[in-house]
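Asks: Each chain, written out:
There are 2 protein chains.
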Amino acid sequence: MGKFLTSRSENYSQWYNELVVKADLAENSAVRGCMVIKPYGYAIWEKMHDALDKMFKETGHVNAYFPLFIPKSFLSREADHVEGFAKECAVVTHYRLKTNPDGSGVIVDPEAKLEEELIVRPTSETIIWSTYKNWIQSYRDLPILCNQWANVVRWEMRTRLFLRTAEFLWQEGHTAHATKEEAEVEARKMLDVYAKFAEEFMAVPVIKGVKTANERFAGALDTYCIEALMQDGKALQAGTSHFLGQNFAKAFDVKFLNKEGKQELVWATSWGVSTRLMGALIMSHSDDNGLVLPPKLAPIQVVIVPIFKGDEENAKMRELGNKLKADLEAKGLSVKFDDRDTQKPGWKFAQYELQGVPVRIAFGARDLENGTVEIARRDTLEKETYPVGQAVDICTKLMDEIQANIYKKALDFRAANITKVDTWEEFEAALAKGGFVSAHWDGTTETEVAIKEKTKATIRCIPLGNPLEEGKCILTGKPSKQRVLFAIAY
Amino acid sequence: MGKFLTSRSENYSQWYNELVVKADLAENSAVRGCMVIKPYGYAIWEKMHDALDKMFKETGHVNAYFPLFIPKSFLSREADHVEGFAKECAVVTHYRLKTNPDGSGVIVDPEAKLEEELIVRPTSETIIWSTYKNWIQSYRDLPILCNQWANVVRWEMRTRLFLRTAEFLWQEGHTAHATKEEAEVEARKMLDVYAKFAEEFMAVPVIKGVKTANERFAGALDTYCIEALMQDGKALQAGTSHFLGQNFAKAFDVKFLNKEGKQELVWATSWGVSTRLMGALIMSHSDDNGLVLPPKLAPIQVVIVPIFKGDEENAKMRELGNKLKADLEAKGLSVKFDDRDTQKPGWKFAQYELQGVPVRIAFGARDLENGTVEIARRDTLEKETYPVGQAVDICTKLMDEIQANIYKKALDFRAANITKVDTWEEFEAALAKGGFVSAHWDGTTETEVAIKEKTKATIRCIPLGNPLEEGKCILTGKPSKQRVLFAIAY
Chain P
1 MGKFLTSRSE NYSQWYNELV VKADLAENSA VRGCMVIKPY GYAIWEKMHD ALDKMFKETG
61 HVNAYFPLFI PKSFLSREAD HVEGFAKECA VVTHYRLKTN PDGSGVIVDP EAKLEEELIV
121 RPTSETIIWS TYKNWIQSYR DLPILCNQWA NVVRWEMRTR LFLRTAEFLW QEGHTAHATK
181 EEAEVEARKM LDVYAKFAEE FMAVPVIKGV KTANERFAGA LDTYCIEALM QDGKALQAGT
241 SHFLGQNFAK AFDVKFLNKE GKQELVWATS WGVSTRLMGA LIMSHSDDNG LVLPPKLAPI
301 QVVIVPIFKG DEENAKMREL GNKLKADLEA KGLSVKFDDR DTQKPGWKFA QYELQGVPVR
361 IAFGARDLEN GTVEIARRDT LEKETYPVGQ AVDICTKLMD EIQANIYKKA LDFRAANITK
421 VDTWEEFEAA LAKGGFVSAH WDGTTETEVA IKEKTKATIR CIPLGNPLEE GKCILTGKPS
481 KQRVLFAIAY
Chain S
1001 MGKFLTSRSE NYSQWYNELV VKADLAENSA VRGCMVIKPY GYAIWEKMHD ALDKMFKETG
1061 HVNAYFPLFI PKSFLSREAD HVEGFAKECA VVTHYRLKTN PDGSGVIVDP EAKLEEELIV
1121 RPTSETIIWS TYKNWIQSYR DLPILCNQWA NVVRWEMRTR LFLRTAEFLW QEGHTAHATK
1181 EEAEVEARKM LDVYAKFAEE FMAVPVIKGV KTANERFAGA LDTYCIEALM QDGKALQAGT
1241 SHFLGQNFAK AFDVKFLNKE GKQELVWATS WGVSTRLMGA LIMSHSDDNG LVLPPKLAPI
1301 QVVIVPIFKG DEENAKMREL GNKLKADLEA KGLSVKFDDR DTQKPGWKFA QYELQGVPVR
1361 IAFGARDLEN GTVEIARRDT LEKETYPVGQ AVDICTKLMD EIQANIYKKA LDFRAANITK
1421 VDTWEEFEAA LAKGGFVSAH WDGTTETEVA IKEKTKATIR CIPLGNPLEE GKCILTGKPS
1481 KQRVLFAIAY
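Chains P and S supply the protein sequences, listed in that same order.
Numbered per our numbering, the first sequence finishes at 490, counting up by one with no gaps.
Numbered per our numbering, the second sequence finishes at 1490, counting up by one with no gaps.
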């Protein structure tokens, strides 16, 4: 096996690129940097969407929809925000095309120039806070707990499918609160939701932390994040939740009358995860045979493949296959019975391995005689023969087992790849090995930037609940009060 | 009541505009022509989304996602298509802003001009068929049955919330087939899905038909549609399904190897419904007190309002309210128990009427003594007192009754507003009265356009299964073989 893909050890990056395309997850489009999310990839994203959406609603949030376009002037209202987002945005300047006078296709109609250019949203704080201004008069209007599922555009120069694309899909929560405390609680609560989702659904262990000033979202007072570790030892930021203070309320003059009858500025959070999670999912679990999907996010949880020769056998096997499918579906599993005669069983095995289907049931003529089936699990590639009557129970149990096993595997991998270092030499050696590096830092942006320039490593986060500990900065030797987590990151 | 809104008889158009905003469905944004869909409105759209998505999947379709942007040259590939869509599109010409040298905000960076302009998708046939070219080699790759949930932009000059906005949300199905017959069956099948959704979920009766050549989608060989009648006698096109022939396969050179080993062009359909359905829903059922929602699409199906004075009473009532809520939820209903003491019961009654909650349960101190509750239905505004033990059954039954009743009401209204006419005078009189007008037409675009210029009426459709009947065109007197449906339309 593994013939479909470059192996991870040979070239991890190429392995990833090939896997995304060959497993039918996504592909590059005719538009630079924009991807096509193919049906199989989109089905996984839909499962992520549904699980997250449920969690958002359970924590009191509602969905809404705000415009795709942001007036150029809105971006400038918050100084840090424009600095962060103006550099890479799609700008709409005209609203009409016309036939080229020379008859060759269409050209932009110069008479249809917009008075003010519109930016395709890179994120929606500005348009949403301009809207909230009309929604908020008194403390009775607070909190506002809105989420939006949307597409956004950031004009990235170097793109990679799911990890960094010019257009991507995401959700962005935008909340408004009467007090600082409430907003801070909200930002942390949503970080917890993200961590729970990553660990329980994606089976990806994450470290919750807070970003340094240098790595904060443009316009935030604090950016909380969940950081995951990929199999190649690189970190991946899987979600962020921002405490925005009163920055956007100031920028858009959003005030409320408090219980004492005084005007106050509103407090804000925003938080988001994107189709980037697909990249994290793929790189956390998959192997040289292809995708390994956690059962909770697998579009097909069990595939049934009969091994037959000729139509007569096929008919008998179809009976068994359909029965198994119905029985498994009755247990709530999503099942595909693939009895196509246009592809050989071996090809099908490889294909479903490539696509990460957690469990495969196969049976041939002898199984039919013996009343057995072969059950193979994708995570360990183990297979075993069982009496057909046990198949449904085994598959049901395997869902939990596989979900738990790939989480544990990722957790063990991470545990083995967090290195504590105390000197610059150790730091460089640890980075070369890969993984998170826990080291002392003097707390200045200057040092953080210098370390990045020397090593490409960034401070991924200061973990929440980080123990205080006296130490010396690995670069400057200046005193430090706690270790932070460095890594080379996606 | 009715104090919140202009009445329909006074000014239907103003009634609609006020209702959309006051019932918290949507509002205009800071961006010309783009709307904000507020949480309550979005919750209805989500229910529409979920029901439709389920129906699409049950008919074998899968979701995918294609780029927001379309290279300008793609639009020109299909001659009719560019003619239809180039006139009203948002054009991205640059990919960066920079700080204004004079320090005032940001300006478009002239050095960041795109080589080829990008169009924000008004519809996705071109980008999707450029993708399908890579997906289709042989008959084994067909059919492709993809749907996309997305935002699209059409630069409308005169916009109205939900009915006509520059940006709107929709789904667009794009299918590829080996034969003409299969594509035609698909286009008709999806029309049936739309009609079923409109009638069973929205409780809006629709007429299925085919558009005249003049009213076809730009690039289609046939456009099927469902047409609904609003309370003011205007028609509204609620969904369309297009048989595209081989036009887009030609434009993007999409061929497949058939079973005989020959190259053939692929056959196509596309079909879509949008947030415009929200407009149809609102205008079909609502009254001068506000929205009337079909229970199947109501975010809150039952609201429970206690009528109390003081905290002690409130506590007793909370017990009953919470019990009723739990019992109703156990039956699968979505319920809100509103025991806020910041608003009076009368205000709440009016508010939930305005928002179209199908059933209201209210109880006061005397009800508590008597073991009764008052149950009011939104569609008829009738209220009656029942023993509290019957409340759950009554509410459950009312869901079906209200759903059926508002459908029947709309159906009766439509039946009373289809007028057969045989002369121009009758035609003008019928149009003045409103509704669909069934009349003979000579079959030429010239006459169709002339009628539109004289009366603003358009041919909404030639109903499917329309009986053939000899007659004379109401305008030209030329012979006609069948009646078609005219109306003034949204």
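Treat the hints with caution; some may be incorrect.
As the list claims (entries may be wrong) - Subject to a maximum C-alpha distance of 20 Å in a straight line, what follows is the list of computed DMTMM-like cross-link-like pairs (lysine to aspartate or glutamate):
#1 22/P - 10/P
#2 1113/S - 88/P
#3 189/P - 10/P
#4 87/P - 1115/S
Hints in this document: simulated from the structure, not taken from any laboratory.
Asks: Given the hinted pair residue 1113/S and residue 88/P, is their Cα-Cα distance within 20 Å?
Replies: The hint holds at about 12 Å.
Asks: Verify the proposed pairing of residue 22/P with residue 10/P, using a straight-line Cα cut of 20 Å.
Replies: Holds, at roughly 18 Å.
Asks: For a C-alpha distance cap of 20 Å, please report whether residue 87/P and residue 1115/S respect it.
Replies: Roughly 18 Å separates the two Cα atoms, so the pair holds.
Asks: Given the hinted pair residue 189/P and residue 10/P, is their Cα-Cα distance within 20 Å?
Replies: violated (41 Å)
In summary, the one numbered hint that this structure violates is 3.
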